Every structure is written in structure tokens, then in C-alpha cells.
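So the sequences go chain by chain: A and B. Residues in the first sequence are numbered consecutively from 1031, following our numbering. Residues in the second sequence are numbered consecutively from 214, following our numbering.
No wet-lab data here; the hints were simulated from the structure. Keep in mind it's a predicted model, so treat the numbers as computed, not measured. Possibly wrong hints are sitting among the right ones.
[What the hints assert, rightly or not] Simulated pairs of lysine to any residue, SDA-like, Cα-Cα distance not exceeding 25 Å:
1) B:Lys345 x A:Asn1123
2) A:Lys1304 x B:Ile308
3) B:Lys434 x B:Thr388
4) B:Lys345 x A:Met1125
5) A:Lys1188 x A:Met1125
6) B:Lys440 x B:Arg417
7) A:Lys1188 x B:Cys240
8) B:Lys306 x A:Ala1129
[As the list claims (entries may be wrong)] Covered, in the sense of this in silico footprint (three residues per stretch, anywhere, with C-beta under 8 Å from a C-beta of chain B), are these stretches of chain A:
9) 1138–1148
10) 1156–1170
11) 1238–1250
[What the hints assert, rightly or not] Listed below are several chain A residues computed to face chain B (Cβ distance under 7 Å; list not exhaustive):
12) Trp1079
13) Ile1151
14) Val1153
15) Tyr1176
16) Ala1179
17) Ala1185
18) His1187
Note that the Cβ used here is the ideal one computed from N, Cα and C, for glycine as well.
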Amino acid sequence: MNLTRIYERAALCRAFEEECVRRIESKDITVPCYLSVGQEYIPATISVWLEDQGITDRQIFIQHRGHSQYLCFGGDLDALVLELLGDPRGCANGMGGSASIQSVSANIIGHDGMLGSQIPIAVGMCYANHKPTICFAGDAAMEEDYALAALGWAATHKLPILFIVEDNGLSILTEKKVRRSWDIVAVARGFGMDARNISDNPKELYQILYPVKLWPSLINVSTTRLLWHTGAGCDDSNAFDRHQEVSNQISPSTVYAIETKLRCEQKVKEAWTKHCGT
Amino acid sequence: MDKTLRHVICQTTAQHLNMGHLVAGQCLRAVGNVGNTVPERDDLTELPCSDVAGAYFVVGMALAGKRPMLILRYQGFSWFAASAIVNYAAKSKEIWGRPCPMLIRAISNEGGIGPVAGSSHHSLFLRMPGVKIFSPMTPNEWKSAYDEFMSGDDVVFLSEHRGAWGNDKDLKPKTQDEYPDIVLFPISITRFAVREATDEIFWRTVIHDIYRIKSFSPSEKAIEDLKLSRFGGIVIDDDYPDGTAKALALDLHNLTGAKMHVLGLEDRTAGFSTQTDNLPPNTEKIKSFIRSIITV
């Protein structure tokens, strides 16, 4: 496993989201923004793993809080900036805002805003074309009745689909333990698919990813949403930050980590400056 | 004998499968293959009895380019499927530039079938952008709607009615040379009852059927007849009138200035029993309604 590649990908996502925070505060961004700060290592790790497997003809389904997924799986940076500005040249014609981004060229399929609807749509598309499919969803989205039915149908037809649950334990601010008593991993296993719980530690996550021949499968990844559900606010500045942890551990040195951070910030700033000014 | 609507649907569906497209629905092989409108084949996609998820599965199939047909064996089940149809499939092309062409066969029926499964529900979809709505009652109309679906990349909703599946004839507009007393615009199964009703009354009535509900575009002759009519027009529907009927009546009024009326289901829930059922306007009811307008 090449942690450096994962780190660089996550660093770009972090730089993008931090620039979004600034742009929200300066009111350059006026659409509701669902930032993925704290959750970057899930798509960063899975996208690198997928490339390492040599799987290029795949389809990716995302939902709101999907900026990092979009960037990690090859979505165009400029098109995302334009989308957040409501520009018709954006990745969703300026209509999708932050929640409904997509990329035709990267085969990232957009989300309509109905919580969890991407899950049965992903299953239907996978049923139709049998392409390796990765479907991201939050822990709350997995509670939708149609999401559970979709797991069942994927299992019934043994579809090549991997469900990734980004489990930050929150639906806006309502904790998972308040919402339900059951565990999605147990549910998925009940449907007959391989499933497990894991943290968003990239080394661990990379190691346990199931080969495609074992799909359908589900991985529930515990993670931390560092900012508000919508917008740039922060409730707990001392919350665990995976990116900080990896930055402190990354080889060859902390100098490399700092250089990577600066390089990503420069790239992101250039894109924003080009379309929106400083 | 000409081919019935049932035969044309079944034959076209078989061709659809032969082209590698998908046909999906619940219980497709049960109870006579959806009234023999679906061919007996192994490549039908049996959806689980998860109505909401099932419609979303078909959206995914459409994104994969399989031009799926989604068969809703009771049109009342459209309420479950509506979110997938109008929130995703119908918006996909506009928001993302990804066409999501799917054909929905939503099947109505009437009579002792209770509060959910009876009548038409096409008004559900009328208010939303990105979906075409047809109510085909003849073989040629159904084939025409299907051909339009196959030649474009839109979401097409067919408001079918089991009562029409045995029909093998075109339903042509009923017109006359004299100024009409009243112009009738029937939709769905009411088109048959309207013809019986007008055969039995002596007022000068003309009929201009509504087969394309959205985007509705009345013929020039219909507009002319309505402008010349003494008592305006009536839109008659198999749905509750506070929907399609009133919306199209307003369109017709705006085009012609004619006074418009609507007739549809009664404003109450249908029960299973004969006494509590809520049926579409029948011949007697249509005659009575016409009489009430003209004699006023």
C-alpha cells in the first residue's frame, strides 16, 4: 500500500474544503455547502485501492458531503468550483450546488437530494450493466427503507457493488444511537453479503477492502465530521482529526507533509482565483 | 379482426426485450402476465415487493442505457414510484446532462378494487417538469407513445386502463358541421363512455379526446369547435377532477375564452363494496352532467 498517494489525495480534499470554509465566510459561496472535512480518508483510500486493482471501468455513486469523493475519483476541480458558484459551466450545470455534484467523464453519478436514493439507483445500474460499482452513503441514508431493500436486491442478484457507509454517527446533529438500535453490518450480513466495521485509518481500510469477486459487500467506516452538517461552523475544535494524525506520521518527513499541504492549497487557490477572484 | 391493444403491448414488449432493453415490474408472471400484456419470457426482470426501491432500480437501469419499461400493475402504486420518476429520472437530463429514459406503464382499473388500486393517478405527475404523460386507449396510440419514447430520451408515463386492453379500434374525434352545443374532452377510460353518452342525447356534442396529457396541445379543430360552442366544454377524467381535468380546462379556457367544466371521480375515497365504490363517470352520469349545463 502506498500511503503517500492516499495522503496526497486527502490533502487536496482538505485544502479544497478549507478554501470552501473561507469562501462561505466571505459569501463567495451562497449555496448550502456540505463539507467533508474529517472524512477525506475514506474516498482517498478507496480510490487509490481501486486504481491499484486496475479497475478503471467503474461507476461511482455519491451523495451530499461528496466533494472529497468527487475529487478523489477524478472529478474536475474547476468544474466543482464553478458548480459551487452556481455557474452553468459547473459539473451539474450550476444547478446541483454542493449536494448534487457529478462528473460524466469520471463516471460519478449525481444525487438528487432524496436521502439515500443513490443506493437503489446504484443497484439498478449495476444490475443493468454489471460494472464494478461503488456506492457511498452516510449512516443515516442507510436507514432509508429503499436503501435496505437495495442491499437485499444486490445480494439476491450477487451484483458487483461495494457499499461504503461513511459513518460519522450523525444525522445533522441527531446521534445514531438515538435513531436506531441495529447495526448495518449485521443487516448486510443478514442479507448474505460480506460486511464489516472499520475505522477510517487508511492503512486498516486499505487492507480490508474486499476484492471485486466478493462483492456485493458493505464496509461501515467510522469517521468524524469536523464541521457542521451544512456550512462552515465547528462545534468541537478538539475533535479527532484523521488528517492531522496521518500528517504527523507520513514518511518521508513532516517537511514533505508541509510541502504537500502548500502545493494542494496553491492548486485550490488558483482554481478559485481563476473563477471567483481572490 | 384487428389487433387489440393488449396484443400490441405484448408484441411491442417482446420486441423491446429482443433489442436488449429491460422490462421490470412486480409479479409479472403472475395472474396471466399482467393481463397478457407481457410476454411469457425468462428475461423479464421481476422486482422485489419493495415499491420505492424498485422504481429507483429502474432509474439505475435507465442510466445504464437499457431504456427500461417499469410496469406498475396498479396505478395507485405510482405514489410509491413517484419520487424516483419525478425527482430523479425526470430531472437527470436537465441537471446533469444525463438522459434517463424510462417508460412507465401505470395500469388503472375500476370496480370493487378499493381505496388504492382503483382509478387513474396521472395528475400526480402533471405538475412536475421533465415527464411526458400519455393515456393511450387504442393500439395506435400506445404504439405512437412507445415510438416517441424510443426516438427520444425523455421519461414517458403511460396512464393505461385495463378496460381498454380489449379495444382494437381507433377512437376518432367526433365532429359535425353545425355549431356544437358542447365540446367534450374525455381522458382515459371515459372516452368509451362519452361515445355512448353522446349517441343517446339529441344535443349537438363533439368529442376531442385527450390522449397526450402532458404536453397537452389541442388540435386546431378542437379550439375552433370550443370557440363556436354554445355552452363551452367539459374535461372528463378517470382521476379526481382537482388535477389534470382542471389544469387542462384552464388551458382550454385560456386558448378560447370558452366556459369550461370538469367531471371526474367524486371527492371521496373509494371502498370495495358496490355501495361505496367511486367509479369514473359512466354514460348516465355524463349525460346528466351535460344536461345540467345545457338546461341552466
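For each hint, the structure was consulted:
Restraint check for B:Lys345 and A:Asn1123: the C-alpha separation of about 23 Å stays at or below 25 Å, so the hint holds. For the hint pairing A:Lys1304 with B:Ile308, the CA-to-CA distance comes to about 24 Å; that is within 25 Å, so the pair holds. Taking the CA atoms of B:Lys434 and B:Thr388, the gap is about 9 Å. The hint holds against a cut of 25 Å. The suggested pairing of B:Lys345 with A:Met1125 holds, with an alpha-carbon distance near 22 Å, which does not exceed 25 Å.
At roughly 35 Å between alpha-carbon atoms, A:Lys1188 and A:Met1125 are farther apart than 25 Å, so this suggested pair is violated. This hinted pair checks out: B:Lys440 and B:Arg417 have alpha carbons roughly 14 Å apart, not beyond 25 Å. Between A:Lys1188 and B:Cys240 the alpha-carbon distance is near 21 Å, which keeps this suggested pair within the 25 Å criterion. At roughly 17 Å between alpha-carbon atoms, B:Lys306 and A:Ala1129 fall within 25 Å of each other, so this suggested pair holds.
Taking a C-beta to C-beta cut-off of 8 Å, the stretch 1138–1148 of chain A contributes 6 residues in contact with chain B, enough for the three needed, and the coverage statement holds. Only when three residues or more bring their CB closer than 8 Å to a CB of chain B does the claim for the stretch 1156–1170 of chain A stand; here the count is 4, and the claim holds. A stretch counts as covered by a chain when three or more of its residues have a beta carbon under 8 Å from one of that chain; for the stretch 1238–1250 of chain A and chain B the count is 0, and the coverage is violated. The interface hint given for A:Trp1079 is violated, since its Cβ lies 24 Å from the closest Cβ of chain B, which is over the 7 Å cut-off.
Among the interface hints, the one on A:Ile1151 holds; its C-beta lies about 4 Å from the nearest C-beta in chain B, closer than the 7 Å criterion. Among the interface hints, the one on A:Val1153 holds; its C-beta lies about 6 Å from the nearest C-beta in chain B, closer than the 7 Å criterion. Below 7 Å, beta-carbon pairs count as interface contacts, and A:Tyr1176 has one with chain B at about 4 Å; its hint therefore holds. Taking 7 Å as the C-beta cut-off, the interface hint given for A:Ala1179 holds, the closest approach to chain B being about 3 Å.
Checking A:Ala1185 against chain B: minimum C-beta separation of about 11 Å lies over 7 Å; hint violated. Proximity of A:His1187 to chain B is violated relative to the hint, the smallest CB-CB distance being about 10 Å (cut-off 7 Å).
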